[in-house]
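A.B. asks: Listed below are the residues making up each chain.
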Amino acid sequence: MNQPMRRMKSDTVTLAHGGGGKAMRDLIEDVFVSVFEPDGMEDQARLTNGALASSGAQLAFTTDGFVVSPLEFPGGDIGKIAVCGTVNDLAVGGAEPLWLSAAFIIEEGVDVALLRRVVASMREAADEANVRIVTGDTKVVERGSADGIFITTSGVGVIPPDRNLSANRVQPGDVAIVNGVLGDHGAAILAARGDMALSVEIPSDCQPLNALMNATCETVDVRAARDATRGGLASALNEIAEAAGCGIEIEETALPLRTEVKGVCEILGLDPLYLANEGTLVLFVPEEEAERALDAMRSTAAGKEAVIIGRATTAHPKRVVMQTTFGGARIVDMLVGEQLPRIC
Amino acid sequence: MKYAEEFRDPKAAKGLLAQIAQVIDELGATKEKPVHIMEICGGHTHAIFRYGLDKLTPAGLEFIHGPGCPVCVLPMSRVDECVELAERPEVIFTTFGDAMRVPGTKKSLLQAKAEGADIRMVYSPLDALELARRNPDREVVFFGLGFETTTPSTALSIQQAASEELANFSVFCNHITVPPPIKALLDDPHMILDGFVGPGHVSMVIGVEPYRFIARDYGKPIVVAGFEPIDLLQSVLMVLEQMRDGRAEVENQYSRVVPDYGNPVSIAACDDVYEPRPTFEWRGLGEIDSSGLRIREKYVAFDAEAKFSIGYGKGAPRFVPEPEGCACGDVMTGRLKPVQCQQFGKGCTPEMPLGALMVSSEGACAAYYEYGGVDLEPAE
Amino acid sequence: MCLGIPGQIVEISSAEKKLAIADVSGVRREVNVACIAGDAPVEDLIGAWALIHVGFAMSLINEEEAAKTMEVLKMLGEAQEEIEAMRASQREMDRAS
Numbered sequence: 001m002n003q004p005m006r007r008m009k010s011d012t013v014t015l016a017h018g019g020g021g022k023a024m025r026d027l028i029e030d031v032f033v034s035v036f037e038p039d040g041m042e043d044q045a046r047l048t049n050g051a052l053a054s055s056g057a058q059l060a061f062t063t064d065g066f067v068v069s070p071l072e073f074p075g076g077d078i079g080k081i082a083v084c085g086t087v088n089d090l091a092v093g094g095a096e097p098l099w100l101s102a103a104f105i106i107e108e109g110v111d112v113a114l115l116r117r118v119v120a121s122m123r124e125a126a127d128e129a130n131v132r133i134v135t136g137d138t139k140v141v142e143r144g145s146a147d148g149i150f151i152t153t154s155g156v157g158v159i160p161p162d163r164n165l166s167a168n169r170v171q172p173g174d175v176a177i178v179n180g181v182l183g184d185h186g187a188a189i190l191a192a193r194g195d196m197a198l199s200v201e202i203p204s205d206c207q208p209l210n211a212l213m214n215a216t217c218e219t220v221d222v223r224a225a226r227d228a229t230r231g232g233l234a235s236a237l238n239e240i241a242e243a244a245g246c247g248i249e250i251e252e253t254a255l256p257l258r259t260e261v262k263g264v265c266e267i268l269g270l271d272p273l274y275l276a277n278e279g280t281l282v283l284f285v286p287e288e289e290a291e292r293a294l295d296a297m298r299s300t301a302a303g304k305e306a307v308i309i310g311r312a313t314t315a316h317p318k319r320v321v322m323q324t325t326f327g328g329a330r331i332v333d334m335l336v337g338e339q340l341p342r343i344c
Numbered sequence: 001m002k003y004a005e006e007f008r009d010p011k012a013a014k015g016l017l018a019q020i021a022q023v024i025d026e027l028g029a030t031k032e033k034p035v036h037i038m039e040i041c042g043g044h045t046h047a048i049f050r051y052g053l054d055k056l057t058p059a060g061l062e063f064i065h066g067p068g069c070p071v072c073v074l075p076m077s078r079v080d081e082c083v084e085l086a087e088r089p090e091v092i093f094t095t096f097g098d099a100m101r102v103p104g105t106k107k108s109l110l111q112a113k114a115e116g117a118d119i120r121m122v123y124s125p126l127d128a129l130e131l132a133r134r135n136p137d138r139e140v141v142f143f144g145l146g147f148e149t150t151t152p153s154t155a156l157s158i159q160q161a162a163s164e165e166l167a168n169f170s171v172f173c174n175h176i177t178v179p180p181p182i183k184a185l186l187d188d189p190h191m192i193l194d195g196f197v198g199p200g201h202v203s204m205v206i207g208v209e210p211y212r213f214i215a216r217d218y219g220k221p222i223v224v225a226g227f228e229p230i231d232l233l234q235s236v237l238m239v240l241e242q243m244r245d246g247r248a249e250v251e252n253q254y255s256r257v258v259p260d261y262g263n264p265v266s267i268a269a270c271d272d273v274y275e276p277r278p279t280f281e282w283r284g285l286g287e288i289d290s291s292g293l294r295i296r297e298k299y300v301a302f303d304a305e306a307k308f309s310i311g312y313g314k315g316a317p318r319f320v321p322e323p324e325g326c327a328c329g330d331v332m333t334g335r336l337k338p339v340q341c342q343q344f345g346k347g348c349t350p351e352m353p354l355g356a357l358m359v360s361s362e363g364a365c366a367a368y369y370e371y372g373g374v375d376l377e378p379a380e
Numbered sequence: 001m002c003l004g005i006p007g008q009i010v011e012i013s014s015a016e017k018k019l020a021i022a023d024v025s026g027v028r029r030e031v032n033v034a035c036i037a038g039d040a041p042v043e044d045l046i047g048a049w050a051l052i053h054v055g056f057a058m059s060l061i062n063e064e065e066a067a068k069t070m071e072v073l074k075m076l077g078e079a080q081e082e083i084e085a086m087r088a089s090q091r092e093m094d095r096a097s
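Chains as they are written, first to last, in our numbering: chain F, 1 to 344; chain A, 1 to 380; chain S, 1 to 97.
Careful: at least some of the hints might be erroneous.
Ranges between beta-carbon positions, derived for each pair [what the hints assert, rightly or not]:
{"hint": "1", "chain 1": "A", "residue 1": "D25", "chain 2": "F", "residue 2": "A315", "range": "28 to 34 Å"}
{"hint": "2", "chain 1": "A", "residue 1": "Q111", "chain 2": "F", "residue 2": "G20", "range": "35 to 41 Å"}
{"hint": "3", "chain 1": "A", "residue 1": "G347", "chain 2": "F", "residue 2": "T314", "range": "49 to 55 Å"}
{"hint": "4", "chain 1": "A", "residue 1": "P321", "chain 2": "S", "residue 2": "E65", "range": "46 to 52 Å"}
{"hint": "5", "chain 1": "F", "residue 1": "A315", "chain 2": "A", "residue 2": "K31", "range": "20 to 26 Å"}
{"hint": "6", "chain 1": "F", "residue 1": "T325", "chain 2": "A", "residue 2": "P89", "range": "46 to 52 Å"}
Computed footprint of chain S on chain F, listed as stretches where at least three residues anywhere in the stretch have a Cβ under 8 Å from a Cβ of chain S [to be verified]:
{"hint": "7", "stretch": "56 to 67"}
{"hint": "8", "stretch": "193 to 207"}
{"hint": "9", "stretch": "337 to 344"}
Derived DSS-like pairs: lysine-lysine, alpha-carbon spacing no greater than 25 Å straight-line [stated by the list, open to error]:
{"hint": "10", "chain 1": "A", "residue 1": "K2", "chain 2": "S", "residue 2": "K68"}
{"hint": "11", "chain 1": "A", "residue 1": "K31", "chain 2": "A", "residue 2": "K307"}
{"hint": "12", "chain 1": "A", "residue 1": "K11", "chain 2": "S", "residue 2": "K68"}
{"hint": "13", "chain 1": "A", "residue 1": "K2", "chain 2": "S", "residue 2": "K74"}
{"hint": "14", "chain 1": "A", "residue 1": "K113", "chain 2": "A", "residue 2": "K298"}
{"hint": "15", "chain 1": "A", "residue 1": "K33", "chain 2": "A", "residue 2": "K2"}
{"hint": "16", "chain 1": "A", "residue 1": "K31", "chain 2": "A", "residue 2": "K55"}
{"hint": "17", "chain 1": "A", "residue 1": "K14", "chain 2": "S", "residue 2": "K68"}
{"hint": "18", "chain 1": "A", "residue 1": "K113", "chain 2": "F", "residue 2": "K262"}
{"hint": "19", "chain 1": "A", "residue 1": "K33", "chain 2": "A", "residue 2": "K337"}
{"hint": "20", "chain 1": "A", "residue 1": "K31", "chain 2": "A", "residue 2": "K14"}
{"hint": "21", "chain 1": "S", "residue 1": "K17", "chain 2": "A", "residue 2": "K298"}
{"hint": "22", "chain 1": "A", "residue 1": "K14", "chain 2": "S", "residue 2": "K74"}
{"hint": "23", "chain 1": "A", "residue 1": "K55", "chain 2": "S", "residue 2": "K17"}
{"hint": "24", "chain 1": "A", "residue 1": "K55", "chain 2": "A", "residue 2": "K337"}
{"hint": "25", "chain 1": "F", "residue 1": "K139", "chain 2": "F", "residue 2": "K9"}
{"hint": "26", "chain 1": "S", "residue 1": "K74", "chain 2": "A", "residue 2": "K11"}
{"hint": "27", "chain 1": "F", "residue 1": "K318", "chain 2": "A", "residue 2": "K11"}
{"hint": "28", "chain 1": "F", "residue 1": "K262", "chain 2": "A", "residue 2": "K307"}
{"hint": "29", "chain 1": "A", "residue 1": "K346", "chain 2": "F", "residue 2": "K318"}
Keep in mind that the hints were calculated from the coordinates and are not lab data.
Because the structure is a prediction, the values reported are computed rather than measured.
Every residue, glycine too, gets a C-beta built ideally from N, C-alpha and C.
Starting from the given sequences, assemble the full structure and let the hints guide the process.
C.D. replies: Below, the structure written as structure tokens:
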């Protein structure tokens, strides 16, 4: 950039900062561009990538809106999940994520310091995931029209020619593996909200999963993968079962859970299978490749605690069934509405 | 998780299941002519399905799901009254999560919240008290829902509010008691009941004496049970053994939590704060004498019914008919199995519930639906 | 109605208001201990296990009774293992003959 960078002149975001004028340029340059692309940003990112040109490669493209309350929580903030969420969406399709866009809707009155922290988180997460945030947008809305900050990220990646991950490739006999403990994000948010006055140390599991996916896909034939975000592991498994047309059976004893998450669930009457995750996925591999898949996953930072939790089966097609710790069996259905704490 | 996980140990289950099978044999019970044991409490219904106990126990044992689900027996008119209270601009309406999805005639509390009513889920009435302290310019109403397990906590909270002279806290009291509907069911000539698994946490408050009439006057065994699967299996075995031996007694399987005499502090607080209503409406069971609690005159300042002129005794009692096709009453009293209701899985699903039994996580219908009571092959 | 979970009292937050901190698997929550306090000083409750329901410690867990119940179950479990071992060895013998 030729001129000295513009700087924010106030501590809070006001409607002027969304107005398209000088205040908005201050916000964009000082808060966003200086962190995401210090060399400058055009209105549109212009990108080349060799892999895209190679024959048989596919472009992967995804988008997601992120709303969370509170905006900052143990283990992350809305920025971190906005980056990891879209990175992971690309990764579970077998893609190498490359570039993200980030569109912000900011409620007037938001602290600029908070915004800077969120942006810093996004840069940190992007670096960890080896992606760049190359373009974006900002709007400011009236007080009450947004819950602080809403972020929408879109992401573009490349799926190498030899990769084909798709739920309908999952076959009976394939083994289901998760990369780590379940429900941390959902429990962390619940505790952070404070409504239930629970005091507990659970950080969100928010992390990028593309390195793990890459390592695994390079080693074995991954049939399909899903990140277990809203609706938890149960919803991810149900989606796969539905698309694959086969049944899925999981073992309750195999499910990795933090003791504290179990505690939260016991107190509030929640089922950890339905708690959201932001850094946990489930993937399916052929049975004979399960051990090698585990090794590959465990060699990455996000997969140290990878473990087999079940398998696809010919029984009960399109349904997910869990063998309980007790030796009985129960159906694990898709989540209906929102899981609410109960006293009964 | 101490005192909980040991009672989920499948190894202990094997011995119990084998014994249960043996006694079922000795009783000559079969799938066509089973023993009918009612688990009274909704929490037990939930546990039975969650751990697949109905599939693990022999076909000669049939669980009849009782009316011990305070959400399920909540009449629609009461939900309407909750919504009415919540929609007042000065009110912060606080409730347990369980009540949020129960449909009223027009809407549920969840829907009212979406439309702008200030409705907040709390884990404890203590949290509602705190909200009242922090919001002196608003009226905090706590929806007092539940059986005797929960009546003491509401009572103690009212006493606390009184000692602090909180002017903006009141309770919309919908507390009910267990023994009266059990008597109503036992008096019903159509009910076939051989024994009862009794509500463990209600009993930790009221003790075991209130169930004496079941054994003494009706000759049925009742075993007060804990909530872990081992507790339930052990209690079922104890009921079956009583039947085999020709006994009808009140036994306490949950002795690690339930003292036979209950909890004196809880009982005293309840006596101080509540008195029985002459009758109270139970969804599916109609009006039952002395089965509901109301707040005594001395605590009228904390009685939302008085403060807001709403509910029982205020104007003509509203009779709200069940939605068409809803068979909650029959299912709740064990006359129908959830799958026998015409609407089950069709017009009534957890996503679009017709009645309370599909909404409450302890409702038999929700449990059947959620845990797949019918589709599965029996586990080995 | 019934969602109660055993928790351990780890701290007293207000002896006067009979409030304490209970721990359930690392999750802490303030609970009212009026139901279990009795006449002894509230501090005596530290370390005790109680059944926690809607923010109240409703009943002290009777460790002796818990042990007794476990004993009965253990014996049942062992008896069952004995029976199964006997059956298994019987099957072996039948096969051999």
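A.B. asks: All the hints need checking, so say for each whether the structure fits it.
C.D. replies: Now for the hints, and whether the structure bears them out:
Against the hinted window of 28 to 34 Å, the Cβ-Cβ separation of D25 of chain A and A315 of chain F comes to about 30 Å, which satisfies the hint. In this structure, Q111 of chain A and G20 of chain F meet the distance hint of 35 to 41 Å, their C-beta atoms being roughly 39 Å apart. At roughly 32 Å, the beta carbons of G347 of chain A and T314 of chain F sit outside the given window of 49 to 55 Å. Checked against the hint of 46 to 52 Å, the pair P321 of chain A and E65 of chain S passes, with Cβ atoms roughly 47 Å apart.
Judged by the Cβ atoms, the range 20 to 26 Å given for A315 of chain F and K31 of chain A holds: they are separated by roughly 23 Å. Checked against the given bound of 46 to 52 Å, the beta carbons of T325 of chain F and P89 of chain A, roughly 48 Å apart, stay inside it. Coverage of the stretch 56 to 67 of chain F by chain S is violated in this model, with 0 residues showing a Cβ closer than 8 Å to a Cβ of that chain against a need of three. Figure legend: the stretch 193 to 207 of chain F, annotated as covered by chain S; annotation consistent (6 residues with Cβ-Cβ distances under 8 Å, at least 3 required).
Figure legend: the stretch 337 to 344 of chain F, annotated as covered by chain S; annotation consistent (3 residues with Cβ-Cβ distances under 8 Å, at least 3 required). The hinted pair formed by K2 of chain A and K68 of chain S meets the criterion: a straight-line CA distance of about 15 Å does not exceed 25 Å. Pair hint K31 of chain A plus K307 of chain A does not hold up; C-alpha atoms about 54 Å apart against a cutoff of 25 Å. Between K11 of chain A and K68 of chain S the CA atoms are separated by roughly 17 Å; this keeps the pair inside 25 Å, and the hint holds.
The hinted pair formed by K2 of chain A and K74 of chain S meets the criterion: a straight-line CA distance of about 16 Å does not exceed 25 Å. Distance hint between K113 of chain A and K298 of chain A is unfulfilled; the C-alpha atoms sit about 32 Å from each other, more than 25 Å. Of the supplied pair hints, the one linking K33 of chain A and K2 of chain A is violated, its CA atoms being roughly 39 Å apart against a limit of 25 Å. A threshold of 25 Å between alpha carbons decides the hint, and for K31 of chain A with K55 of chain A the separation of about 12 Å falls inside it, so the pair holds.
Restraint check: the Cα-Cα separation between K14 of chain A and K68 of chain S comes to about 19 Å, which is no more than 25 Å; the hinted pair holds. For the hint linking K113 of chain A to K262 of chain F, the alpha-carbon distance of about 29 Å lies beyond 25 Å, and the restraint is violated. Taking the CA atoms of K33 of chain A and K337 of chain A, the gap is near 16 Å; set against the 25 Å cutoff, the hint holds. Between K31 of chain A and K14 of chain A the alpha-carbon distance is near 21 Å, which keeps this suggested pair within the 25 Å criterion.
Note on K17 of chain S and K298 of chain A: the hinted pairing holds, with a Cα-Cα distance of about 22 Å set against a maximum of 25 Å. Distance restraint check for K14 of chain A and K74 of chain S: the Cα-Cα separation of roughly 11 Å lies within the 25 Å cut-off, and the hinted pair is therefore satisfied. Restraint check: the Cα-Cα separation between K55 of chain A and K17 of chain S comes to about 47 Å, which exceeds 25 Å; the hinted pair is violated. At roughly 15 Å between alpha-carbon atoms, K55 of chain A and K337 of chain A fall within 25 Å of each other, so this suggested pair holds.
The straight-line distance between the Cα atoms of K139 of chain F and K9 of chain F is roughly 18 Å, inside the 25 Å bound, and the hint therefore holds. Among the hinted pairs, K74 of chain S with K11 of chain A is consistent with the structure: their alpha-carbon atoms are about 9 Å apart, no more than 25 Å. Annotation: proposed proximity of K318 of chain F to K11 of chain A is violated, straight-line Cα distance about 31 Å (limit 25 Å). About 41 Å separates the Cα atoms of K262 of chain F and K307 of chain A, which puts this hinted pair outside 25 Å; it is violated.
A C-alpha spacing of about 19 Å is found between K346 of chain A and K318 of chain F, which places the hinted pair at or below 25 Å, so the restraint holds.
Of the numbered hints stated above, those contradicted by the structure are hints 3, 7, 11, 14, 15, 18, 23, 27, 28, listed in ascending order.
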